[in-house]
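Undergrad: With chain A held as given, fit chain B with the ligands onto it using these hints.
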Amino acid sequence: MPDNMTLGEKLVQQGISRRTFLKFCASMASLMALPPSMAAEMAEKLAKLRRQSVIWLSFQECTGCTESITRSHSPTIESLIFDAISLDYHHTLMAASGTAAEHAREQAMKENAGKYLLVVDGSVPAKDTEYYSTIAGISNYDMLVDTAKGAMAILSVGTCAAYGGIPKANPNPTGAVAVSDIIKDKPIINIPGCPPIATVMTGVIAHVLTLGTIPDLDELGRPKVFFGDTIHDRCYRRPFYDQGKFAKSFDDEGARNGWCLYELGCKGPTTYNSCATTKWNGGVSFPIESGHGCLGCSEPDFWDKGSFYKPLSTGEWGGGQILAAGVAAGAVIGVGAAFAARKRQDKASGGK
Amino acid sequence: MDLLAFAKGPILMWSLIIFVVGVSWRLLGILLLRRKPDYSEPRSNATWWGAVRTVFSRMWMRKEFQSRTAYGAALGYVFHIGLAIVVFFFVPHILFIKDLTGLSWGGLPSGVIYATGVVTMIALIILLIRRFTHPVLKLLSNFDDYFSWFVTTAPVVTGLLAVAHLGARYETLLGLHILSVELLFIWFPFGKLMHAFLFAISRGTTGALLERKGAAT
Ligand code: SF4
Ligand code: SF4
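Residue numbers (the numbering used here), protein chains in the order written: chain A, 1123 to 1474; chain B, 2 to 218.
Just chain A, same shape as in the assembly (with noise of 0.2 Å):
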């Protein structure tokens, strides 16, 4: 798209109709809990908008999050809006490469500086940063920082660059940490997930280009409108919970009637995400839906807090073998003070 074509523009090109748009922005608008008087606006907004600039760092991931946002396989118009967006700078997605690339970025946080919305998907090494994960010969660590000077906002996405990830997880041989372990001067918007759901990111961003302001955050940095509920408050299967109704494994009558997972380990009562309300793969269903629990993605260090299996009243400790050895310890000590009581007995009534 020409870089002087507006939104609008690019989707009367795309012969996508104003009807179809105004459904987007008014489910957009509804996702956002914002009053639907405000679809009509974001629609005006949106179709004026002329590209924002958009520099895009990988830093230690999987390209899991480019992989959910771009959803190559089926073009919508979430994708659209991906397009109002000018992406100087994606590895993954760039036709440049090397000099030409880093050249690419140089360029756009010159033009656009203080202007461009930075986007990082990865966590970054801050342990021997020079070695793990570099770019051009930049690491990751030089390259966040002086990238982020320009940033108007940057954008987390991800549960790496959100919190650290699974890089980040026991036992973090790079040192991984969080975007907003770094960089303390910039708005942060956090958007997590493994990886985060495609809707959420292009409403966060939508929100961002039409509204021009940070939408309101949780104490983890995430979007409240997004992250407000956990799954389990949202859940179908909740009702099953209620009632006491669980499958006791993924193949079960239980299972089969659509029972609660929480034995088989979903994490859904304490994981705040979108997935029970928005979905995904464009509404089509959610893990809990295809009979997997939740695996707690969008909360920091979810890798570590025990098996995905084990249900969420479970202990995470050393095991049966300590208390075991615990009884043992108590038992010893018991006939410690049982013996000295005894000479004590006998020395009261004289050894008789």
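Calculated from the structure, these hints are not laboratory results.
Computed from a predicted model, the values in this text were never measured in an experiment.
Any given hint could turn out to be false.
[Said to hold, decoys possible] Below 30 Å or equal to it, Euclidean Cα-Cα: the simulated DSSO-like pairs (lysine-lysine) are:
(1) B/37 <-> A/1465
(2) A/1237 <-> A/1132
(3) A/1432 <-> A/1346
(4) A/1465 <-> B/214
(5) A/1237 <-> A/1271
(6) A/1370 <-> B/99
(7) B/193 <-> A/1432
(8) A/1132 <-> A/1145
(9) B/214 <-> A/1469
(10) A/1346 <-> A/1145
(11) B/193 <-> A/1465
(12) A/1367 <-> A/1432
(13) A/1469 <-> B/37
(14) A/1170 <-> A/1132
(15) A/1271 <-> A/1306
(16) B/99 <-> A/1367
(17) A/1237 <-> A/1308
(18) B/99 <-> B/214
(19) A/1170 <-> A/1145
TA: Same frame as chain A, now just chain B with the ligands:
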């Protein structure tokens, strides 16, 4: 490490260690004490029967004092049974016990548990008020009574808050709930809560003694 992970990890481990060490120390320390030799002629040899009978007979009030003890006893029953239902029949609790011991059984619907929890909490609060206001009870109560009340009531209250999502985020409340249970584990062997194990031993001993003497138990 967040509060919940902290509560489910190291604190859980240490509180359970203190619990099992303490309980086995106290039980063995008491069971292995030397008993005084009794040289009198036994009036009955069915001392075991006397022991078992007393464990159960003392579960009911003495007729003579019924009018005075009925209120307190009824409240005591309500909260003991309520606690047993909540602790042993809420599915997440059963899963915790199963993970720890390998034992499991069927649970009750969550709604039943929540209602029982509320009744239990009310009974516990009334009992505390009674302890404060009853002149004799007040005189008899010491730190152990109040603290044991606290460590028993705190898990009920935090558990109810957690299911109702009241006051903080669920995972914080759940962390506090688990921590409050851990406080109970730690206090258990050293205070009056130990009666959960000792009541049978002390009643049995009394029953056996009285049976031997041919007295009513
Ligand atoms: S399946 Fe998971 S999220 Fe759904 S009701 Fe059960 S525990 Fe909650
Ligand atoms: S259901 Fe849970 S684990 Fe699955 S994608 Fe959603 S938040 Fe992540």
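Undergrad: If a hint holds in the structure, say so; if it does not, say that too.
TA: So, going through the hints one by one against the coordinates:
no.	hint	verdict
1	B/37 <-> A/1465	13 Å, holds
2	A/1237 <-> A/1132	23 Å, holds
3	A/1432 <-> A/1346	28 Å, holds
4	A/1465 <-> B/214	28 Å, holds
5	A/1237 <-> A/1271	11 Å, holds
6	A/1370 <-> B/99	13 Å, holds
7	B/193 <-> A/1432	34 Å, violated
8	A/1132 <-> A/1145	17 Å, holds
9	B/214 <-> A/1469	28 Å, holds
10	A/1346 <-> A/1145	23 Å, holds
11	B/193 <-> A/1465	26 Å, holds
12	A/1367 <-> A/1432	17 Å, holds
13	A/1469 <-> B/37	13 Å, holds
14	A/1170 <-> A/1132	10 Å, holds
15	A/1271 <-> A/1306	11 Å, holds
16	B/99 <-> A/1367	17 Å, holds
17	A/1237 <-> A/1308	12 Å, holds
18	B/99 <-> B/214	44 Å, violated
19	A/1170 <-> A/1145	17 Å, holds
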